[in-house]
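Modelling step: build the complete structure from the supplied sequences, incorporating the hints.
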Amino acid sequence: MSKIDRMIKQIETLPDDRVKAVVLSWLTASDGSFEVFEKKLADERDDWAEIENDSELDTTVGFPNLTEEEMQQEDMKRWEEYCRTGHSIPQHKVAEWLASIGTERELPCPE
Numbered sequence: 001m002s003k004i005d006r007m008i009k010q011i012e013t014l015p016d017d018r019v020k021a022v023v024l025s026w027l028t029a030s031d032g033s034f035e036v037f038e039k040k041l042a043d044e045r046d047d048w049a050e051i052e053n054d055s056e057l058d059t060t061v062g063f064p065n066l067t068e069e070e071m072q073q074e075d076m077k078r079w080e081e082y083c084r085t086g087h088s089i090p091q092h093k094v095a096e097w098l099a100s101i102g103t104e105r106e107l108p109c110p111e
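Just so we're aligned: 2 in the numbering used here is position 2 of the sequence shown, and the numbers increase by one with no gaps anywhere.
Keep in mind the hints are simulated off the structure, nothing from the lab. Nothing false has been slipped in among the hints.
Quick list of simulated restraints, FRET-style, between CB atoms: (1) Met71 <-> Leu98: 14 to 24 Å; (2) Glu70 <-> Asp16: 30 to 40 Å; (3) Met71 <-> His92: 20 to 30 Å; (4) Arg84 <-> Asp46: 50 to 60 Å; (5) Ile11 <-> Gly102: 11 to 21 Å; (6) Asp46 <-> Pro90: 43 to 53 Å; (7) Asp5 <-> Ile89: 46 to 56 Å; (8) Ser2 <-> Met71: 49 to 59 Å; (9) Glu69 <-> Asp46: 41 to 51 Å.
These numbers come from a predicted model, not from an experiment. Just so it is clear, CB atoms sit at the ideal spot from N, CA and C, and this is done for glycine as well.
Here is the structure:
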C-alpha cells in the first residue's frame, strides 16, 4: 500500500471538521511536504481515538442534567420572567443563529 493510500485510509476515519483542521494546519504551517502532513494526520488520529474512547465525555453538550421536575421549574421561571418583562427572542433570530453555527460567519447567540 502506498503512502498516499495509507493517508487516505487515515483521513477516512476522521470526522469532517477534524480533517479540515489537519489540512488547514498543514497548509499554513509547513512547507507542504507529505511527511509533515502525515505526522499531523497521525497526531490528529491519535487524539481523536483518545476522545472516542474517553468515557468521561460530557454527553449533555453543555446542558445541565436536570430532572423532569427541575425542567418544569426552570420553564415556569422563564415563563414568569417573560410575563413580567415581555422580553423574548424572535424565532427568526434564533433560526439565523442556529443556521450560522459551524460556518465561517457564525453569529453570536441572540439575547
